[in-house]
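Following the hints, position chain U against chain Y.
Spelled out, the chains give:
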Amino acid sequence: MQNSSVQIEFASGVVRSSFLGKLIKRFPMRILDKALLGCAIALGLFGVIVIYSATYQSSSASFFKRQLLFFIAGIFFMFLGASFDYRKLVPYSRVIYFLSVFFLLPVFLFPAAGGAHRWISLGFFDFQPSEIAKLAIIITIASFVADKGMETTSNRDFLKAFGIAIIPMFFISIQPDMGMAFSIFVIFVGMMLIGGARARQIIALCLAGLGLFAGAAKLGFLKPYQISRVLTFVNPDMDPLHTGYNLLQSKIAIGSGKFLGKGLFGGTQTNLDFIPSHHTDFIFSVVGEELGFVGAAILLLLFGVLIWRGIKIASTAKDLFGTMLAAGITIMFLFQIVVNVGMTMGIVPITGITLPFMSYGGSSLVVSYFAVGLLLNVGMRRFPQGNLEL
Amino acid sequence: MSKPWDNVRLRIKLRETTYSKPDAEHERIKRRMKILGIIAIVAFGILVTRLWFMQIVSGEEYRKKAESNRIRQVSLEAARGRILDRKDRTLAKNSNTLTVSVVPAELDDEGGVVERLSKLLGMGEREIAKKIEESQAPNQRAVLIKSEVSPDIVTYIAEHQREFRGVIAGTKAVRNYPYHSLAAHTLGYLGQVSEEVLSEKKEKGYTAGDEVGISGVEATYDEFLRGKAGELRLEVDAQGNFVREISRREAVPGNDLRLTIDLDVQAQVEEALRWGVELARTHTDAESGKKYEAPGASVVVLDPKNGEIIAMASYPTFDLNEFAGGISEEAWKTLNDPKNDFPLNNRPIMSEIPPGSTFKVVSALGALNESMYKTDSAFVCNHVFEKGAFKDFPKYCWSEHGRINLFNGIVESCDVVFYEIGYSFFLRQSQDVGKTLWQYASDFQLGKTTGVDLVGEKDGRVPNPEWKKEFNKNRPQYQAWYPGDTVNMAIGQGDLLATPLQMACLYAGIANGGKFVKPRLAKQVTEEGNKAAKESSPELRAVLDIPDIYLDQVSRALSGVVQGRGTASATFDGFPLGAIPVAGKTGTSEIAGKQPTAWFVCYAPVGDPKYVVAVAIEEGGHGGQSAAPVARRILEVLFNVEARGEIKPSLGD
Chain Y
1 MQNSSVQIEF ASGVVRSSFL GKLIKRFPMR ILDKALLGCA IALGLFGVIV IYSATYQSSS
61 ASFFKRQLLF FIAGIFFMFL GASFDYRKLV PYSRVIYFLS VFFLLPVFLF PAAGGAHRWI
121 SLGFFDFQPS EIAKLAIIIT IASFVADKGM ETTSNRDFLK AFGIAIIPMF FISIQPDMGM
181 AFSIFVIFVG MMLIGGARAR QIIALCLAGL GLFAGAAKLG FLKPYQISRV LTFVNPDMDP
241 LHTGYNLLQS KIAIGSGKFL GKGLFGGTQT NLDFIPSHHT DFIFSVVGEE LGFVGAAILL
301 LLFGVLIWRG IKIASTAKDL FGTMLAAGIT IMFLFQIVVN VGMTMGIVPI TGITLPFMSY
361 GGSSLVVSYF AVGLLLNVGM RRFPQGNLEL
Chain U
1001 MSKPWDNVRL RIKLRETTYS KPDAEHERIK RRMKILGIIA IVAFGILVTR LWFMQIVSGE
1061 EYRKKAESNR IRQVSLEAAR GRILDRKDRT LAKNSNTLTV SVVPAELDDE GGVVERLSKL
1121 LGMGEREIAK KIEESQAPNQ RAVLIKSEVS PDIVTYIAEH QREFRGVIAG TKAVRNYPYH
1181 SLAAHTLGYL GQVSEEVLSE KKEKGYTAGD EVGISGVEAT YDEFLRGKAG ELRLEVDAQG
1241 NFVREISRRE AVPGNDLRLT IDLDVQAQVE EALRWGVELA RTHTDAESGK KYEAPGASVV
1301 VLDPKNGEII AMASYPTFDL NEFAGGISEE AWKTLNDPKN DFPLNNRPIM SEIPPGSTFK
1361 VVSALGALNE SMYKTDSAFV CNHVFEKGAF KDFPKYCWSE HGRINLFNGI VESCDVVFYE
1421 IGYSFFLRQS QDVGKTLWQY ASDFQLGKTT GVDLVGEKDG RVPNPEWKKE FNKNRPQYQA
1481 WYPGDTVNMA IGQGDLLATP LQMACLYAGI ANGGKFVKPR LAKQVTEEGN KAAKESSPEL
1541 RAVLDIPDIY LDQVSRALSG VVQGRGTASA TFDGFPLGAI PVAGKTGTSE IAGKQPTAWF
1601 VCYAPVGDPK YVVAVAIEEG GHGGQSAAPV ARRILEVLFN VEARGEIKPS LGD
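Chains as they are written, first to last, in our numbering: chain Y, 1 to 390; chain U, 1001 to 1653.
Hints are computed from structural coordinates only; laboratory data are not their basis. None of the values given here were measured: they were computed from a predicted structure. Take the hints with a grain of salt, since some may be wrong.
[As the list claims (entries may be wrong)] Covered stretches of chain Y (in silico footprint by chain U; criterion: 3 or more residues with CB under 8 Å from a CB of chain U, positions within the stretch not fixed):
1) 208-214
2) 250-257
3) 266-278
4) 287-298
5) 302-313
6) 356-369
[Stated by the list, open to error] No more than 25 Å apart at the CA atoms, straight line, and that leaves these computed lysine to any residue pairs for SDA-like:
7) U:1469 to U:1434
8) U:1034 to Y:315
9) U:1030 to Y:203
10) U:1064 to Y:272
The beta-carbon is built from N, C-alpha and C at its ideal position, and this holds for glycine as well.
The shape of chain U in the complex, shown without the other chains:
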């Protein structure tokens, strides 16, 4: 039952009291309140519009800012893989050092942080400030101030972190090379990633401030060695205090790299080269009357069958550990000072030198293959060559060989024999008959990189008429190809250039029956736990189209070089050639204005060659005199031959 008073109340219409204000006043109030209402509507309209723009239109932008406010990303460094020699001996590893670094962006120096740091580390304030200033690269994470600090200092800084804003003290993995300068050029050093590399490899996880391989296999195999940096995402509050861990991606350590290098051989090769350079410097250059300067030298030892480089040395060298944790300004300057003959240059792949007489094998094989000559074809060497066009510009041999055939021309390195061959090539090329000499040079893989797994390898140069025209594009008078160009090339001079590694590969091709195998330094890339991730296998670059018989003939001639009347026979006096037959060739190449470069390239044992050894001592004298002794010492090491007495220089060219 509904209660009656409900109905009563509902029926009552609300009655307002009579408006007590006069009408005019009422109207005025109404108008003014309307204005207030309009002001309110406009104000709220502005607020809502602003809200819309901030939250809907620019919301994503603000969201990103809010995220970067609260999230701090910390990169977890991945341990770089080790570099091992062919017998698993460590050539490069990581060691944890206690370091003090500064993050310039976070450094608050108004509080005297640098001053306190300078007292703590015993370094000058200026020195610290300079280090920070010098490495103000964009996005750089931290600048190393001092490494190998005592644990006390690290603890002190950690405990007083507030007074050291922007200072990081802790362990840092620093690359360590236990053998210092051993195989320094092959291993290579690390440095901060450059802008170019960064933009190239950004997708591969490279970030600014990363240490990457700059040279050597550290550079070639950087992606294998570096591993993958982990990432720690932390939530921090407005004061930068840690709140919680948002996510963590562990770092994946890098793979180990096993090289073809043999630590023992490498060490002795380097020792032999150093000895050879010093020996060369004792000789006097007959032409200038000065001692040879021998500012740089190279050795390559490789296995001709599979291209494995057993040892590769470049002189002068440097200590890789100087680069650990960032090289000092001073050390860097020293390494780049021209007075110090550029120790960072990896000469076996970077020095482009005329191959000199070591190239004569190419001329000889070309001539044989073209049936221009036979090994017993007779020549006469009267010290001078003045055939045809050379009447007015005679060319000279380093000696006077008299009646001589091609075979002995190789053994005794007679230039006249090869001037004749070169001249014949020239006459044929002008009549468009057969292959040219530069084509043979290219067939022997000169003029192009060997493809060794190193960065910075040079091409060398095989000149030809087109090249000459292009090269002298601004000097029309030098554009023509003269008989002298071909004749000079026949003795490995003129515009022909080759690196020591290219010459090693050339002889490896001959030793290997015409098969050119790509030289390489990486044997195996192994993941952690010794799982082979990548096995490197021999790669055939090219096969010579020259009958074995000619290769055999030349090989026999090369065997004669180290004995009898050969140009390196004095040096190999006492070497057990019966057990270990050696085939080699001396070379002395000339560059205008410089002292001659000594070459010796050889392989052994003939018949079943295991090693090719190429030695080049730049401005170090004659091949037999300076280079061959080094090669002999290396062969003694390789074949475990007891060194007998002093190694004599040979007088041959």
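The shape of chain Y in the complex, shown without the other chains:
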């Protein structure tokens, strides 16, 4: 017995002194949610492969290389997101919130791309601050709810919380990026409902929002394409060469994939540019076309596991902040997945919401991985081993 304890001492000395050892200590595999981790990595790889297939013959094959780099960076950020005790975020939540709002402002200094100011150009990389703001709002709302408790939210608290969400939403919607703004709104609503908001509070807010949309449309604040997107959703076949064209081509792509798909690189709708933005918003159409029902279903299965683990982590978290954080992240993923996939199949209006882990884009990928890191973080901190600090 004496002998073996010496051995343990010896071994732990080795472990403690090496970098690898530090990582192992920090992420003891037995308490890490391996299903979630595996899913996240699989999804990222899936995305890299599909982006390669979708863009290999177009002018810039760099999409693939860059996405691969973002993926590697994403893995790093995932571990980063799990590397500290998430509870430490609570005192910093205001700082995080104000910084994220502040970073939304410089986008207007950069030239618009595709009619919108969404990016801060860092030379080698266009950084999209709204992605960070989205996560910052989740953290802030989570800490707000944790502070307030699970009791029924008062109208005053509800408005306070909405105040937190509305400021970044405003800046994001004038970029304009209505998809992102709407995502934040849905995340806010979802988190508030879990955190004790009453249905009538939400309904009142939605009615006010609709009134605002109608008013903005009437007063000409909304771009015509934003209105037409909502309207063409009703009947995309009506005008196949214009607004409904994207949807029609996307549906043709997915449907034509049939059971097994046309094979990677074999998608005609993809490679002949019938699918618009096939490496970003419509990446699911590429999956549907090239990998068929089997590929698309596997992708949805991976996403399903991701959501399932997220819900599991949220409901077993050690404290209310952890629950709210995990729930917010899960709602974020769920909403983006359903809206993006639904849009490519014509059951949801076309919005600019990307598919997490799959759509091309560094900010989105890195933030998604960081969010998964936070989920892993919440999930493992309920075990004593998870609380090891270096």
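Below, chain U without anything else, positioned relative to chain Y:
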């Protein structure tokens, strides 16, 4: 050796920290997360179901749409086969012309394409727009805007294709007829395939917008001539740019068609007919006191032994090249204007006219065959026939022949002789004795198409009591068969109708000893490289059941027509009948309300007939007067006889 700490670690059961949340809160969280889970399951369920419906249930439909998105089918036109005369001289060929066409479906006129095109081609914008609008037939590939444009224009459009979306500039094979109107009716013209033909011949590779033969041999032999269109399948991207060639099936050129027509004879026949028509128009109709109008005329020249049509002419005629690449609206209207006497009608097969006295050979042969009369049976012609039932409705002969026998009745075309014969046929038919006159008419192949290889051939008509009853079904007072019906038929009048080709075939049958050979225009269909694909051979239609002796007797009588007291003797004055004995018959047929039609049908040389010539000049006067001169001119051409002096009209009927 296993390391001990492995075992230690494995044995440790994971210990969770105490749940720090109050139980009520825990329960609430659990419930709400369950709701979120249900929402997620429902949402994913909807997505997977939708995916299933799109990819598994409607997958094939979407696959087809994806294919039609990326694949553009381009039809490669097959060169149409040439049409040659019997000596391999080209009557119809293809020539490549530089053309500018517009594909209406692809035309993007918001960019002012028509305006630019109008400047480039020097045509009015309206004219172009009208052309496009007028030919908005469904599935039409392209509308020809202008042909024979300069190569510069074609190059310019090709170089600026983006500014000319939907405009096609390039070479197009256009049918060309080097002899313009020569044998126009026989050759026929091309036009866009009609809906009916398309639905009939879809399996044979006909597609909408195809040019097909509409008339003449272009129509009859369309399937041989047209070849097989090739197909080019291209992959294109979303912008319509060419990506790669998927497959290519080369077009198979059409076969050449060799006709029985002789170009030289045809040309001179047409010239003779035109001359004959003009001559006829100089004569005055004694009855109306007006000049003959002669709005249309026909000639058929054929070889009685094998049915080969050497020449066939229809007057008036038209220039086939007007149809090349699509006929203009204006030209089409002109061709169909009643004032222009319908030049598109192929009269030798379409004009149904009473054969008049040319039919008397049938009556005569019938009477001889039934032993009703002999060639020397005596008749008396006092200009009028008022036997039996005709007491109250006498019938008249065009002349007064006095004492005359059957032989001379043919030579001098005496109507009274044939009224008698007709009346005898009537009496026999009412007693049900022997064959009727209409049965003989049918035996001579009247009342049915000859089966010539042309579209639109008319049946003609052989009346009989059943026909009359049916024809006057709504007028009971006209249903009975009267003696006059048979008597009129005996001189080729009444309800009897025949086409010039039918009359040519009838005389060919007599010339050929009772054998009727199907007339034809195709000699040979040859594949590219002169391989004979289909050789056309004579086809026996029918054999007359009449002894040769009677045929000889009638033939001799017909030889008398062109000499002595014959009705066409003046016309054949000076013709070397000794070397080239001609047997023929004049005819002047009446249609109520119209001027008489002049007929002359003949064959030569008697004994070993090489040609049958049938001439019919509608409302052109008397047979000997207007038709026989044309026939003589044609015989001179056929037998290479030097024309001597003016050809005189004969006064005979």
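Here is what the structure says about each hint:
A stretch counts as covered by a chain when three or more of its residues have a beta carbon under 8 Å from one of that chain; for the stretch 208-214 of chain Y and chain U the count is 0, and the coverage is violated. Using a Cβ-Cβ cut-off of 8 Å, 7 residues of the stretch 250-257 of chain Y lie near chain U, which meets the minimum of three, so the contact claim holds. Here's how the stretch 266-278 of chain Y fares: 5 of its residues keep a CB closer than 8 Å to some CB of chain U, so the rule of at least three is met and the hint holds. A stretch counts as covered by a chain when three or more of its residues have a beta carbon under 8 Å from one of that chain; for the stretch 287-298 of chain Y and chain U the count is 6, and the coverage holds.
Only residues whose C-beta sits within less than 8 Å of a C-beta in chain U count toward coverage, and the stretch 302-313 of chain Y has 5 of them, enough to reach three; the restraint holds. Requiring three or more residues with a Cβ within less than 8 Å of a Cβ of chain U, the coverage given for the stretch 356-369 of chain Y is violated, as only 0 such residues are present. With a C-alpha separation of about 22 Å, the suggested pairing of residue 1469 of chain U with residue 1434 of chain U holds against the 25 Å cut-off. Between the alpha carbons of residue 1034 of chain U and residue 315 of chain Y the distance comes to roughly 9 Å, so the proposed pair stays at or under 25 Å and holds.
Between residue 1030 of chain U and residue 203 of chain Y, the direct Cα distance comes to roughly 24 Å. Compliance with the 25 Å bound is thereby established for this hinted pair. Of the pairs offered as hints, the one joining residue 1064 of chain U and residue 272 of chain Y holds, with about 16 Å between alpha carbons and a cut-off of 25 Å not exceeded.
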